[in-house]
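Heads up: the protein sequence lines correspond to chains A and B, in order. Quick note on numbering that gives the first Met the number 0: the first sequence kicks off at 0 and runs consecutively. Quick note on numbering that gives the first Met the number 0: the second sequence kicks off at 0 and runs consecutively.
For the record, the hints were derived by calculation from the structure and aren't laboratory data. Accuracy of the hints is not assured; some may be wrong.
[Said to hold, decoys possible] Computed far set for chain B versus chain A, every beta-carbon distance over 10 Å:
hint: 1; residue: Leu84
hint: 2; residue: Ile85
hint: 3; residue: Glu96
hint: 4; residue: Val159
hint: 5; residue: Phe161
hint: 6; residue: Leu169
hint: 7; residue: Glu176
[To be verified] When the alpha-carbon atoms are kept at most 20 Å apart in a straight line, the in silico DMTMM-like pairs for lysine to aspartate or glutamate are as follows:
hint: 8; chain 1: B; residue 1: Lys288; chain 2: A; residue 2: Glu118
hint: 9; chain 1: A; residue 1: Lys170; chain 2: A; residue 2: Glu114
hint: 10; chain 1: A; residue 1: Lys124; chain 2: A; residue 2: Asp147
hint: 11; chain 1: B; residue 1: Lys288; chain 2: A; residue 2: Glu87
hint: 12; chain 1: A; residue 1: Lys124; chain 2: A; residue 2: Glu96
hint: 13; chain 1: A; residue 1: Lys170; chain 2: A; residue 2: Glu118
We put the CB at the ideal spot given by N, CA and C, even for glycine.
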Amino acid sequence: MTAILTVRGLDARIAGQQVVEGASFEVAEHGVTALLGRNGVGKSSTIKALLGLYERSGEVTFAGERIDRLMTHRIVQRGIAYVPEDREVFGGLTVEENLRLAERGGAPNRGIVAELFPELIERAKQQAGTLSGGQQQMVSLSRALMNDNRLLLVDEPTKGLAPLIVGTVTKALEAAAERTPMLLVEQNLQVVRALAHTVIVLSGGRVVHTGPAADFLDSDLVHRHLGVSTDEEAA
Amino acid sequence: MSTVLLLLITGIGLGALYFLVASGLSLIYGLMGVLNFAHGSFLTLAGFLGWEVGRRIGDGSWAGLLTGMLVGLVVGAVVAALTELIFIRPLYNRHIEQVLVTVGLGLASVALFEGIWGTDPIQIRLPEWLGGTTDVLGANIPNDRWLLIATAVVVLGLIVLFLQRTSYGLVIRAGVENRTMVTALGIDVRRAFTIVFAIGGAAAGLGGVLASVYYGQVGAHQGTSLLIYAFIVTVIGGLGSLTGAAIASVLVAVIQQFANFYLGGTGDLAIVLALAAVLLVRPTGLMGKVKH
Numbered sequence: 000m001t002a003i004l005t006v007r008g009l010d011a012r013i014a015g016q017q018v019v020e021g022a023s024f025e026v027a028e029h030g031v032t033a034l035l036g037r038n039g040v041g042k043s044s045t046i047k048a049l050l051g052l053y054e055r056s057g058e059v060t061f062a063g064e065r066i067d068r069l070m071t072h073r074i075v076q077r078g079i080a081y082v083p084e085d086r087e088v089f090g091g092l093t094v095e096e097n098l099r100l101a102e103r104g105g106a107p108n109r110g111i112v113a114e115l116f117p118e119l120i121e122r123a124k125q126q127a128g129t130l131s132g133g134q135q136q137m138v139s140l141s142r143a144l145m146n147d148n149r150l151l152l153v154d155e156p157t158k159g160l161a162p163l164i165v166g167t168v169t170k171a172l173e174a175a176a177e178r179t180p181m182l183l184v185e186q187n188l189q190v191v192r193a194l195a196h197t198v199i200v201l202s203g204g205r206v207v208h209t210g211p212a213a214d215f216l217d218s219d220l221v222h223r224h225l226g227v228s229t230d231e232e233a234a
Numbered sequence: 000m001s002t003v004l005l006l007l008i009t010g011i012g013l014g015a016l017y018f019l020v021a022s023g024l025s026l027i028y029g030l031m032g033v034l035n036f037a038h039g040s041f042l043t044l045a046g047f048l049g050w051e052v053g054r055r056i057g058d059g060s061w062a063g064l065l066t067g068m069l070v071g072l073v074v075g076a077v078v079a080a081l082t083e084l085i086f087i088r089p090l091y092n093r094h095i096e097q098v099l100v101t102v103g104l105g106l107a108s109v110a111l112f113e114g115i116w117g118t119d120p121i122q123i124r125l126p127e128w129l130g131g132t133t134d135v136l137g138a139n140i141p142n143d144r145w146l147l148i149a150t151a152v153v154v155l156g157l158i159v160l161f162l163q164r165t166s167y168g169l170v171i172r173a174g175v176e177n178r179t180m181v182t183a184l185g186i187d188v189r190r191a192f193t194i195v196f197a198i199g200g201a202a203a204g205l206g207g208v209l210a211s212v213y214y215g216q217v218g219a220h221q222g223t224s225l226l227i228y229a230f231i232v233t234v235i236g237g238l239g240s241l242t243g244a245a246i247a248s249v250l251v252a253v254i255q256q257f258a259n260f261y262l263g264g265t266g267d268l269a270i271v272l273a274l275a276a277v278l279l280v281r282p283t284g285l286m287g288k289v290k291h
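Bound-form chain A, shown alone (with noise of 0.2 Å):
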């Protein structure tokens, strides 16, 4: 496996408290990687160390550059956008603003947003706060998918949305992972059984596995990690 990723001892502290410990792994240059773990174990945290969101130590080479020590901007002006949990976007602006102020360099791809994410044409005028929680979302997916990227950080985009807005968001990553390779922090198995290929498995700030998704999720890996069965997945 080629890498477009390589994190070696990664540590992130959030005021002083250690949250990503020692972490070391790999994000292939195609397809999904899911980054898995128990909710508290630092999925999220280990995405915002490698954005340089918070304090963090270690060696994150990226396309071949060291960049954990860059500012975050500068990480993401490489090609590298970001997806947070909770959508994040910019509730006192409209949706057409949400997007504009993401834009970067000089082609942006607009023509993305109307094809995956028609509706936000149509309320591009509508301030995003007030838009709800699935059509947040699609802004927030939005805003990463029009820029050429070569890496995505996302970082449970299903969470708390309604399964038909699920399917939507997760044809989106489907659809943006045949392009870019991404790191995705998700919970719901499904999802992650249909969009990745390698999985690596956190437990206290630590990486504890990592191989192809499909082994992983059919073991009982699964129940010891994620503490549900194979069977609770499918339900």
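Given chain A's structure and the hints, the job is docking chain B onto it.
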């Protein structure tokens, strides 16, 4: 009736002055999380330099005053931008240290101004019309209030236009909501910090010259005393909200005027009570929002 009208319009005039100081404070805090205690220094320095240049152009003339206002605006913007670049930027994301630096600058600059211009306020000459009054329904409104109100309205309009129509305005509006997410979109938010400091400094600089018009004098402590009211306005309006700052400026000044007249000079007490009431009922201020 004429007394009420007089108090109301003079209150709005004083509110205009508060707004010029508070608008920058509110934007700076909203975007950067920094309570800028050096803001009063921008105002004082601009007031002194505006007066120095203005009197050389024409002491007591409109040309002198308008030039002084222009100088105040430029001095406020430049000094504020330099303050951000030299003192605030190296302390990026270290909010306590940033606030302490602004406290130090505020204290040191007053001492510097006293060293240069003396400890006593200097009486200034103004165009004759500003010393007169205009009859509005029987109330004799001091003319300088019209200048204050007109300037504040223009400044408010220009800031709103900047925020709504420019790309940096968009970054600032987004940053006031969620600065972290702005950086996570690949935007160097530090540029917006400098711009917000410059805009706030320009408004405060203009306020510095107009404060000398309002009080008829310019002094080393002018900025410090106005800053206290501006902080109250900023908190009542909601930290980070320009609209809140505009509404609270007028509200605070009008309450102050009425309490001073009808309640035996208790204007300052009245606005502190108003501050406490707003904080109890609506801790984020009138227009403030909970930040991410």
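Verification of the supplied hints:
1. With a least CB separation of 17 Å from chain A, Leu84 of chain B remains clear of the 10 Å interface cut-off, as annotated.
2. Every CB of chain A lies more than 10 Å from the CB of Ile85 of chain B, the least distance being 19 Å, so the non-interface label holds.
3. Even its closest Cβ contact with chain A, about 16 Å, leaves Glu96 of chain B beyond 10 Å, as expected for a residue assigned away from the interface.
4. A cut-off of 10 Å between C-beta atoms confirms that Val159 of chain B is not in contact with chain A; the least separation is 14 Å.
5. A cut-off of 10 Å between C-beta atoms confirms that Phe161 of chain B is not in contact with chain A; the least separation is 15 Å.
6. Listed as outside the interface, Leu169 of chain B is inconsistent with that label: its C-beta sits roughly 6 Å from the nearest C-beta of chain A, within the 10 Å cut-off.
7. Distance to chain A contradicts Glu176 of chain B as a non-interface residue, since its nearest Cβ pair spans about 5 Å, not more than 10 Å.
8. Proposed proximity of Lys288 of chain B and Glu118 of chain A is contradicted: the alpha carbons are some 28 Å apart, above 20 Å.
9. With a CA separation close to 12 Å, the supplied pair Lys170 of chain A and Glu114 of chain A stays within the 20 Å bound.
10. Annotation: proposed proximity of Lys124 of chain A to Asp147 of chain A is violated, straight-line Cα distance about 25 Å (limit 20 Å).
11. Straight-line distance between C-alpha atoms of Lys288 of chain B and Glu87 of chain A comes to about 15 Å, which keeps the hinted pair within the 20 Å bound.
12. Between Lys124 of chain A and Glu96 of chain A the alpha-carbon distance is near 8 Å, which keeps this suggested pair within the 20 Å criterion.
13. The suggested pairing of Lys170 of chain A with Glu118 of chain A holds, with an alpha-carbon distance near 16 Å, which does not exceed 20 Å.
Checked against the numbered hints above, the structure violates hints 6, 7, 8 and 10; every other hint is satisfied.
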